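Undergrad: Sequence:
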Amino acid sequence: GAGGRSQSQSGRSKVSGSPQPSQLKAGASVEDREVLKGEQEVATAMAALLDLPSITSQKTALRNLRRKWHPDKNAGNAQVATRVFQFIQAHDQWLSKQGIA
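Residues in the sequence shown are numbered consecutively from 14, following the numbering used here.
Worth flagging that the hints you see were computed from the coordinates, not collected in a lab.
Certain hints may be false.
[Said to hold, decoys possible] Label pairs and their computed distance ranges (CB to CB): (1) Ile68 with Glu44: 32 to 38 Å; (2) Gly112 with Arg80: 19 to 25 Å; (3) Ala88 with Gly40: 24 to 30 Å; (4) Gln36 with Gly112: 26 to 32 Å; (5) Arg80 with Lys38: 25 to 31 Å; (6) Ile68 with Ala91: 30 to 36 Å; (7) Val43 with Asp64: 31 to 37 Å; (8) Gln36 with Arg79: 19 to 25 Å.
Just so we're clear, the structure is a prediction, and the values are computed from it rather than from any experiment.
Idealized CB from N, CA, C, for every residue including glycine.
Put together the whole structure using the sequences plus the hints.
TA: Structural data, given as structure tokens:
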């Protein structure tokens, strides 16, 4: 599609290279399953950022997402939060291409 966007089956535009959660391997731990849930939530939220009306609202939503998953804000679940936060950080280049990061 034009501008790196292609139509998804649902009819919404999908940006190529958008964040995709990890795949669970056989024998995945409880922590791995929690990380996958977090990555799925983050990937959905990151894709939804593009639908927000302004760069300001996109950056605010991204900042809130990073804050939500920051390990310091998740002392009781720091290992999962660290891995999900790293997932967000791993997509900084994608976010920059969208003009958000």
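Undergrad: Taking the hints in turn, state whether each one holds.
TA: Do the hints match the structure? See the list:
1. Ile68 with Glu44: 32 to 38 Å: holds, 35 Å
2. Gly112 with Arg80: 19 to 25 Å: holds, 20 Å
3. Ala88 with Gly40: 24 to 30 Å: holds, 28 Å
4. Gln36 with Gly112: 26 to 32 Å: holds, 29 Å
5. Arg80 with Lys38: 25 to 31 Å: holds, 30 Å
6. Ile68 with Ala91: 30 to 36 Å: About 31 Å separates the Cβ atoms of Ile68 and Ala91, which means 30 to 36 Å holds.
7. Val43 with Asp64: 31 to 37 Å: This hint holds: roughly 33 Å between Cβ atoms.
8. Gln36 with Arg79: 19 to 25 Å: Hint holds: Cβ distance 24 Å, inside 19 to 25 Å.
In this structure, none of the earlier numbered hints is contradicted; all agree with it.
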